[in-house]
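Each chain, letter by letter, is given below.
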Amino acid sequence: MSNPDPISVFRTEAAELLEQIESGLLDLTRSLDDRDQIDAVFRGLHTLKGSGAMFGFDALAAFTHHCETAFDRVRKGDVPATHELVSAVLSAQDHMRALLETPNGDHDAMSTSLLDNLHRAVNGAGSPAPVAVAATAAAPVKEDAGGMREWRIRFRLPANAMANGTNPLGLLDEMRDLGDCKIVADISQVPDLATLEPRDMHLGWDVALKTDRPRADIEDVFIFVMDDMELEIAEIAGEKPAAAPKPVETPAAKAVVVAEREAPAIQAANDSKQNKSAENVRVPAERLDEMMDRVGELVIAQSRLTQLAGTAADLGLRSVSEEIERLSGELRDTMMVLRMMPVASLFSRFRRLVHDLSRETGKEIELITEGETTEVDKTVIDRLADPLVHLVRNSIDHGLEKPEERLAAGKEAKGQVILSAHQTGGEVIITIKDDGRGINRERVRAKAESSGIIQPGATLTDQDLLQLIFQPGFSTAQAVTNLSGRGVGMDVVKKTVEALRGTIDIVSKPGEGSTVSLRIPLTLAIIEGLLVRVGQGCYVIPLSAVEECLELSLEDDLRSRGRSFISLRDSLVPFLRLRELFRTGTEPDQHQKVVVISTGSERVGLVVDQIIGDHQTVIKSMSKLHHDVVTFSGATILGDGSVALILDVTHLIAVGQHQEAQLRAAG
Amino acid sequence: MSSTLPGDTSLTLPTTLTIKNIVAVRELILDCLNRNTSATLDIDEEAQVDLSFVQLITAARKQAEMKAGRILLARPAAGDLYDVLRRGGFLDDMTPDAAHFWLHQEKN
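Top to bottom, those sequences are chains G and S.
The opening position of the first sequence corresponds to residue 1 in the UniProt record's numbering, with each subsequent residue numbered one higher.
The opening position of the second sequence corresponds to residue 1 in the UniProt record's numbering, with each subsequent residue numbered one higher.
Hints were generated in silico from the structure; no laboratory data involved.
It is possible that some hints are incorrect.
Stretch-level coverage of chain S by chain G, calculated; a stretch enters the list once three of its residues show a Cβ under 8 Å from a Cβ in chain G [what the hints assert, rightly or not]:
no., segment
1, 15-25
2, 41-55
3, 89-101
What you are looking at is a predicted structure, and each value in this text was computed from that prediction instead of being measured.
Just so it is clear, CB atoms sit at the ideal spot from N, CA and C, and this is done for glycine as well.
Full structure from sequences and hints, please.
Pasting the structure below:
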């Protein structure tokens with residue numbers, strides 16, 4: 001296995017850094033004078049610049065340098081953070097992504113334009129608010145009004161400092177700029193060459209500094225590395241020793257105070273942090289996919305072995321087969337966990353989207369996310385991103401009202417969009433809820449009638465009416481906007497969700513808002529299935545969709561001909577005879593079974609000849625030749641090497657519901 | 001790299017001695033010290049040097065001492081190397097040994 005390419009490692013880390021910067025900027029929009037966030041964004045920009053230059057991304061480093069310089073004025077309190085400035089940095093941050101992805105592209109014009117925009121925002125920000133001035137300048141000046149003081153500064157940088165682009169010599173130069181300085185390198189912790197990790201930092205420094213500058217200026221030297229380093233700043237002597245320095249209440253100062261009192265504890269914490277990071281290994285997603293494929297093949301092979309062992313008299317073979325079955329099951333479960341990612345990684349991107357849409361539409365929007373720790377298969381997360389973007393855009397564009405409209409309706413001026421996730425059984429339910437105006441039924445009906453989707457005056461339940469918005473080509477928007485009118489309709493959203501073997505439901509109350517719920521299976525690779533026989537063929541029904549199994553006697557079957565309904569606890573459930581649907585040309589078994597499947601509130605029964613039992617189903621995609629086959633969502637290989645098709649539950653329920661509607665219409 | 005006598009060798013280092021290739025430089029010196037007890041390092045005055053290299057040489061000196069050998073510089077530190085030593089705080093409060101090693105100053 002080859003070592004990871006340093007450039008691609010840098011790209012991954014830079015992408016994460018950009019996400020952190022974006023997150024910090026978005027947090028800043030909620031509290032513009034939050035010093036922690038300002039420092040965090042500044043540190044992020046600085047690190048990106050340094051590591052970009054180190055790995056040869058010169059354009060990225062140069063551009064980021066300008067942004068860092070501009071943002072430094074905010075950090076130093078020269079200008080206040082404003083919404084315009086934060087938006088300008090967010091736009092610049094998007095450009096940094098482009099510079100990262102295509103470093104050799106022609107970005108000059110865009111870079112110049114964005115920097116002009118940024119400088120305008122900085123210059124237009126005016127003077128800092130009085131509070132900001134007090135926080136950044138007044139306290140230190142008061143503290144150090146006494147003249148020259150002597151400081152002893154001892155520090156060790158985090159082990160990965162050099163690899164991350166931090167230049168310790170730059171820090172030492174900055175210390176020298178503060179005053180009369182004697183710097184002595186501490187080589188005591190440098191190991192011998194055989195055990196040295198040469199990219200890690202093992203050096204420390206002991207600095208004696210005589211300066212008239214305040215303590216905060218010394219802390220500022222370390223602002224980019226403060227989080228992970230060991231730092232001690234102690235005053236040795238001053239011309240006015242009676243005036244004991246009062247620590248500045250900044251996070252950095254707090255860190256220093258803690259460092260002075262609890263250096264060993266911090267060292268332990270740092271060790272623990274470093275150990276923790278050493279426990280994590282970054283693995284490319286495609287390697288996980290390859291491994292998942294291998295586990296899938298193993299499960300199939302194990303299934304064949306189990307079948308062979310079942311027919312063999314050899315007790316030793318049976319014992320080994322059972323052991324391998326247990327181990328492959330555990331391996332499969334472990335593999336599933338490896339592929340799981342928290343939906344936080346999906347939800348986090350919507351903060352930026354909502355921020356941008358809020359500015360574009362002039363609507364005040366609060367995004368609330370819930371259940372971010374819920375975990376879903378990585379592939380599901382990747383594929384859900386676009387549908388969710390569309391749904392959130394729809395909620396904001398069509399659902400939420402303008403502030404004045406909301407106030408007139410007795411609502412808060414600020415609208416809410418709630419993104420939430422929770423797990424139930426083998427599914428994750430993701431909901432997008434807004435407190436906007438709700439779906440206008442009259443407009444939906446008018447549009448559906450004019451588009452020929454329904455007959456004029458057709459009788460529809462409220463749910464059926466709402467489901468019309470998922471029809472191809474359906475849109476109630478008066479004009480196509482660049483928010484939701486991007487050529488991706490709700491029909492595409494529904495298809496994408498169904499391709500994930502999921503379902504989509506919508507609930508909407510006029511004047512109160514809408515809730516769209518997506519039910520998605522936790523994983524796409526291996527599912528628990530119910531293996532059934534229809535005629536001579538075997539089929540798999542996803543177990544998560546199975547509600548119950550009933551016996552359908554030959555008499556009941558004959559009695560229900562022409563009706564195709566069964567009575568299930570006082571409700572009629574339509575059923576489909578799979579033998580007829582698949583045209584098997586075989587006679588029904590004496591004791592047919594009805595497997596009742598459901599998605600949400602809709603149910604349908606599937607008549608099969610035999611229920612064989614549960615089956616670990618490794619899903620194989622259908623070939624391109626079968627792309628128009630809608631009854632099956634995939635195939636799997638059984639223990640005897642034969643193929644079983646996996647039923648598409650959503651499609652079969654739709655067929656059943658259609659059949660029910662036709663029968664009802666016929667009276 | 002040219003070897004003179006067993007146990008004593010001269011090693012010419014590349015002209016880039018920074019974190020970009022520090023892993024390779026470590027391998028080079030380690031390999032040399034595994035085969036010889038002492039080595040004289042030839043560092044070009046124009047060589048690009050950063051702190052990772054000074055740290056590496058410090059580690060190499062410890063390695064050589066453990067094996068009762070030693071490392072020498074072919075000439076006193078100059079150029080980038082001297083600059084890094086100065087800025088990195090290696091020249092303040094120098095021990096006689098360090099001054100002898102880096103700057104070829106006579107020990108008292």
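Tested hints:
Counting residues of the segment 15-25 of chain S whose beta carbon lies closer than 8 Å to any beta carbon of chain G gives 5, which meets the minimum of three for the stated coverage. Beta-carbon proximity to chain G at under 8 Å applies to 4 residues in the segment 41-55 of chain S; the threshold of 3 is reached and the given coverage holds. With 4 residues having a Cβ less than 8 Å from any Cβ of chain G, the segment 89-101 of chain S passes the three-residue criterion, so the hint holds.
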